[in-house]
Amino acid sequence: MPPLILLWLEAVGRGSQFAFRAFRGMFLPPYEIQETLRQLFELGSRSVPLIAVSGLAVGVVLSMHTRASLARFGAEALIPAGLAIALVRETGPLTAGLLLSGRIGAGIGAELGAMKVTEQIDALEAVAVDPFKYLVVTRVVACVIAVPLLTTIMNATGMLGGFAAETAATGMSLSAYLKTAFGSIQFSDLIPATLKTMVFGFIIAVVSSYLGVNTTQGTEGVGRASTRSVVMSSILLIVANVILVRIIFFFYPA
Amino acid sequence: MSDEAPVVELRDVTKAFGPKRVLDDVCLTVARGHGVCILGRSGTGKSVTLKHIVGLVKPDAGRVFVEGRDITDMPIAALTDVRKRIGFLFQNAALFDSISVGENVAFPLRRHTRLDDGAIRSRARELLGQVGLGGEYNAMPADLSGGMRKRAGLARALALEPAILLADEPSAGLDPVTAAEIDALLVDLKRRSNTTMVVVTHNIPSARAIADQFLFLHEGRVLERGSAEDLDRSRSPLVREFMRAQGAG
Numbered sequence: 445m446p447p448l449i450l451l452w453l454e455a456v457g458r459g460s461q462f463a464f465r466a467f468r469g470m471f472l473p474p475y476e477i478q479e480t481l482r483q484l485f486e487l488g489s490r491s492v493p494l495i496a497v498s499g500l501a502v503g504v505v506l507s508m509h510t511r512a513s514l515a516r517f518g519a520e521a522l523i524p525a526g527l528a529i530a531l532v533r534e535t536g537p538l539t540a541g542l543l544l545s546g547r548i549g550a551g552i553g554a555e556l557g558a559m560k561v562t563e564q565i566d567a568l569e570a571v572a573v574d575p576f577k578y579l580v581v582t583r584v585v586a587c588v589i590a591v592p593l594l595t596t597i598m599n600a601t602g603m604l605g606g607f608a609a610e611t612a613a614t615g616m617s618l619s620a621y622l623k624t625a626f627g628s629i630q631f632s633d634l635i636p637a638t639l640k641t642m643v644f645g646f647i648i649a650v651v652s653s654y655l656g657v658n659t660t661q662g663t664e665g666v667g668r669a670s671t672r673s674v675v676m677s678s679i680l681l682i683v684a685n686v687i688l689v690r691i692i693f694f695f696y697p698a
Numbered sequence: 012m013s014d015e016a017p018v019v020e021l022r023d024v025t026k027a028f029g030p031k032r033v034l035d036d037v038c039l040t041v042a043r044g045h046g047v048c049i050l051g052r053s054g055t056g057k058s059v060t061l062k063h064i065v066g067l068v069k070p071d072a073g074r075v076f077v078e079g080r081d082i083t084d085m086p087i088a089a090l091t092d093v094r095k096r097i098g099f100l101f102q103n104a105a106l107f108d109s110i111s112v113g114e115n116v117a118f119p120l121r122r123h124t125r126l127d128d129g130a131i132r133s134r135a136r137e138l139l140g141q142v143g144l145g146g147e148y149n150a151m152p153a154d155l156s157g158g159m160r161k162r163a164g165l166a167r168a169l170a171l172e173p174a175i176l177l178a179d180e181p182s183a184g185l186d187p188v189t190a191a192e193i194d195a196l197l198v199d200l201k202r203r204s205n206t207t208m209v210v211v212t213h214n215i216p217s218a219r220a221i222a223d224q225f226l227f228l229h230e231g232r233v234l235e236r237g238s239a240e241d242l243d244r245s246r247s248p249l250v251r252e253f254m255r256a257q258g259a260g
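In order, the protein sequence lines correspond to chains A and B.
Residues in the first sequence are numbered from 445 upward in steps of one, following this note's numbering.
Residues in the second sequence are numbered from 12 upward in steps of one, following this note's numbering.
Bear in mind the hints are in silico, worked out from the structure with no lab data behind them.
A few of these clues could be false.
[Unchecked claim] Facing chain B, from chain A, some residues (calculated, C-beta under 7 Å):
#, residue
1, Val561
2, Glu563
3, Gln564
4, Asp566
5, Glu569
6, Ala570
7, Val571
8, Ala572
9, Asp574
10, Pro575
[Said to hold, decoys possible] From the structure, some residues in chain B lie toward chain A, with a derived Cβ separation under 7 Å:
#, residue
11, Pro17
12, Leu67
13, Val68
14, Thr91
15, Arg94
16, Phe99
17, Phe107
18, Arg122
Idealized CB from N, CA, C, for every residue including glycine.
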């Protein structure tokens, strides 16, 4: 039995190789457009209710917390701006990423795991289809496209939730709220923070696909692949977020 | 066997999964239009042998040739071309469970032919009709019995009119009448289309109907090979017992 560290290094090596192959596969034909669109619908559109409702709730809570903090300094007028910046720069992308690593990661891990143990992946190969392209790359592309779009939806509903809380507390009009909120947001707040979620999408899809296609030990293995997909992609996503925020600050100093 | 180059050839194939050696120096040669049946007790490497032929499993040692091409280390693009000429029926059918039975059969046609949607559906219905599932185009795989799934898997394996058919227990789980119909279909296919077949089965009457050569595997090694009569007269008691126990003649 090799030492644990060697096994761990081997797993990291295999995972990295898988991720590199997936990244390269995104740019090389065949493109499997139809299957990618299907995945975009399955992974993207079907996640909208979760993201929209969560965004709304996050916006309300964030607004209440911001009010409680800023009221101490008599700076209630800054609430929409504070909320918008917090939401767009960090809360929206990270919350959306973590929610989607649960919703999408578990789904991909379980689906591909089930396909593996029932030989459906072998069957794809046997009918002369490259399963990596058909199953993995399509999901990776769909996630890289869907996660930033879903993050934008979360930001929008979060702002809406913030407005609901604000108007309930002060009777502020929508136009005044939006003017204050958007007046404070700059390009460097919105675009890099949203684009970094493309990396989140890549991580979620690659990790859960890797664990799915390497599932062993039948249905028990499928459950394990699903759970580990969520755990691993969430951890990697949080770590990647630290690095990405550092990179964003390097190019766009606060 | 004819003198022409073999369509399927395994040369000294050895394969282990972890510490367990599943195949040990296995050789197999199948000429065009012939049928070979792989026999043996459960867990002796029969399915793994089939998977080597379509490149789903790579040997640790030895070479695998299909229609004269060495597929052992073949790149995926070239292997894809080889696979288009092979139909594979999996032991548990391995239907894609997210699409209907008809679309499972249509899947290879949509991927590898330029037929329009109507022609593909029509061909898929025809294939399903051949295996007695004419009315099940829109059914989902989960709604079918094990035997029906097996037949749908066979229809999918035949979709591209393969030159080589690999079938892993084609009549397992079927009632005797349906099993006989499937056997008749395979025999007719071999005769009519000159399809080369490698079949794994425990059903000796089926094997006698389909195959002209037999390979008996035991603990990953070839214990006996030859015609059905050769196996009936084998010096190995295990082979003779297997042929008798499974209903010889």
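We went through each hint and held it up to the structure:
The beta carbon of Val561 (chain A) is not positioned within 7 Å of any beta carbon in chain B (closest approach about 10 Å), and the interface hint is therefore violated. A least Cβ separation of about 4 Å between Glu563 (chain A) and chain B falls short of the 7 Å threshold, and the interface hint therefore holds. Residue-level restraint check for Gln564 (chain A) holds (minimum Cβ-Cβ distance to chain B is 5 Å; threshold 7 Å). The criterion of a C-beta within 7 Å of any C-beta in chain B is met by Asp566 (chain A), whose closest approach is roughly 5 Å, and the hint holds.
Hint on Glu569 (chain A) holds. Least Cβ distance to chain B is approximately 6 Å, under the 7 Å limit. At about 4 Å, the closest approach between the beta carbon of Ala570 (chain A) and any beta carbon in chain B falls short of 7 Å, and the interface hint on this residue holds. Because the closest C-beta pair between Val571 (chain A) and chain B is about 5 Å apart, less than 7 Å, the hint holds. Annotation: Ala572 (chain A) was flagged as interfacial toward chain B, and the flag holds, the nearest CB pair being 4 Å apart, inside 7 Å.
Proximity of Asp574 (chain A) to chain B holds as hinted, the smallest CB-CB distance being about 6 Å (cut-off 7 Å). Hint on Pro575 (chain A) is violated. Least Cβ distance to chain B is approximately 10 Å, over the 7 Å limit. The interface hint given for Pro17 (chain B) is violated, since its Cβ lies 21 Å from the closest Cβ of chain A, which is over the 7 Å cut-off. Checking Leu67 (chain B) against chain A by beta carbon gives a least distance of about 5 Å; that is within 7 Å, so the hint holds.
The criterion of a C-beta within 7 Å of any C-beta in chain A is not met by Val68 (chain B), whose closest approach is roughly 9 Å, and the hint is violated. For Thr91 (chain B), the suggested interface contact is upheld, since its CB lies about 5 Å from the closest CB of chain A, less than 7 Å. The interface hint given for Arg94 (chain B) holds, since its Cβ lies 4 Å from the closest Cβ of chain A, which is under the 7 Å cut-off. For the restraint placing Phe99 (chain B) at the interface with chain A, the shortest Cβ-Cβ distance is roughly 4 Å, inside the 7 Å limit, so the hint holds.
Because the smallest distance between the Cβ of Phe107 (chain B) and any Cβ of chain A comes to about 6 Å, under 7 Å, the interface hint for this residue holds. Using the Cβ-Cβ criterion of 7 Å, the hint placing Arg122 (chain B) at the interface with chain A is satisfied: the shortest such distance is roughly 6 Å.
In the structure shown, a violation is registered for the earlier hints numbered 1, 10, 11 and 13, in ascending order.
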